[in-house]
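Asks: Listed here are the chains, written in short residue letters.
2 protein chains.
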Amino acid sequence: MSLVHERYLSRTERAVAIMAREEPVVYEGGAYADALDAQTLASYEKNGFLVLDGVFDDTETQALLDEVVRLSNDPVIRRREEAVTERGSDVVRSVFAVHKLSQKLAALARDPRLLDVARQILGSEVYLHQTRANLKPGFTGKEFYWHSDFETWHVEDGMPRMRALSCSVLLTDNTACNGPLMLMPGSHLHFISCKGETPEENYKSSLKKQETGIPDELSLQLLAEQGGVHAATARPGSVIFFDCNTMHGSSSNISPWPRANVFMVYNSMENTLGDPKYGLAPRPEHIATREAFEPLKPLRQPEYQ
Amino acid sequence: MSLVHERYLSRTERAVAIMAREEPVVYEGGAYADALDAQTLASYEKNGFLVLDGVFDDTETQALLDEVVRLSNDPVIRRREEAVTERGSDVVRSVFAVHKLSQKLAALARDPRLLDVARQILGSEVYLHQTRANLKPGFTGKEFYWHSDFETWHVEDGMPRMRALSCSVLLTDNTACNGPLMLMPGSHLHFISCKGETPEENYKSSLKKQETGIPDELSLQLLAEQGGVHAATARPGSVIFFDCNTMHGSSSNISPWPRANVFMVYNSMENTLGDPKYGLAPRPEHIATREAFEPLKPLRQPEYQ
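Those sequence lines, one after another, are chains A and B.
Under our numbering, the residues of the first sequence are numbered 5 to 309, in order.
Under our numbering, the residues of the second sequence are numbered 5 to 309, in order.
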């Protein structure tokens, strides 16, 4: 792809820049599926995220939490490359590709309460670009600095356009005290070009601590002063949907309480991956689906018991 | 002092322990001065802290913030030992002994809105054990792990009893997004003995990152499950008073907004310092007042312009 057609240039030695988003946020006017009402959809379009309370009831949430704890304690899984540990410890921070490792979490990805929201917003059939279970441990949970997921997916995975969204199913209480997800409202409308080249196999360290693809402080300040910063505090069973280009991060967690969620990325079937930029090798399949792009079918009566 | 009379043993190789507080929280029934009403006083006694909103008006708060920024940018002060920088940078994190470096902050320490609360709770005349201005920078503000100030002051400064309190005058907005002070309600009623000996000149590193006097995770969990964790989010001009033995800490601050406050420790004139424990050398005067214990006189009309 020539630079002439490169909309969202990043990770070069050129000066940083803020570029206006070129794609819609809600595709096809939100008519593709029927999940959110017009007002909720408009709020997502404006802010770039949405926090829906009580999507899953207590029984469902407990069953999902049990499943995540089981996965992260499973010695076989802990030895697989899907398991990522905290810096300087063997505490599991994330398990990737959980839709392949767990039938329950595969069902979760097809739950219409999630999937139909994704289909409605993205205006097409969708597939799973990435899934993971996150367990931010108590006492020693590290911060995750500001980033746009799309910036990484565009450069490192060759995702062409902003037509993907993430959903985080909260399995524990997310309070001001345990490092909740923080999002910048309106930031999804701007692409922050990041300075600095990407090393090969960057994903091996970047999943623990991001060193490239880091937005500059002035751009972050501009986004924060325009739209503020929203700490997504919410009860277990709530779901946060956010656009692939929404700036987000989280502080450290010194509270005794771990923070657990299942995180899934839906990408449009009209937006499947091309080659990574700058001749980078593709990231492994458990981080970015590439071998087969299969549209997900809603599962009408998912059960998590 | 023989071990027989040592109430609050800490920093030894003995196993950790939780000891019940032996002293009152509010002395003399709160009759020594007239600042807080009975209900507010009872809340402080129960929780070990108090957040008072809007103690200082916007004009006063701005003048105090200007003064703190001036101090931390003053090249002469930046070179003094009173100035503590962030780990791995030359950004000023704290300036100590601000009541000696600034007339305005000396006046603040004698403001009856603060001083009379201290005199009322501690039931006696009081002096300044320590003062500092804290500037937690945006983007890179580091976390401060859980600790009881009394644990440090008892061991490293030879403060005999729990008859001191801290007050933090908030000069910027403290939100869920910028690493607010977190306190454990009720924790002031328990002394958590910490394991591990104290190295000489520990203060030089401990003010940046605490390595000794760290409570164990099980005790912290117990305190947190008994009383919860309270994130003291509040507007500029608010004041947090907290007991010397209240467990507190703060998360990192990745928001663009710095968090600034003036922090002052009032100690009872009946509780002046003895020798540090274990033959440790006394900490410098700017960290722990020792040369002269002078009772503070309320200043009837403090001005900060």
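Think of the hints as simulated: they come from the structure by calculation, not from any bench.
C-beta atoms are modelled at their ideal positions from N, C-alpha and C, and glycine is treated no differently.
Be a bit skeptical, because a hint or two may be false.
[What the hints assert, rightly or not] In silico contact screen, one side only, chain B against chain A (beta carbon under 10 Å); selected entries:
1. N182
2. V233
3. S255
Asks: Against this structure, judge whether each hint is valid.
Replies: Quick rundown of the hints versus the structure:
1. This hint holds: N182 (chain B) has a C-beta 8 Å from the nearest C-beta of chain A, less than the 10 Å allowed.
2. A distance limit of 10 Å between C-beta atoms decides the matter here; for V233 (chain B) the minimum to chain A is near 5 Å, and the interface restraint holds.
3. Taking 10 Å as the C-beta cut-off, the interface hint given for S255 (chain B) holds, the closest approach to chain A being about 4 Å.
Every hint from the earlier list agrees with this structure, and none is contradicted.
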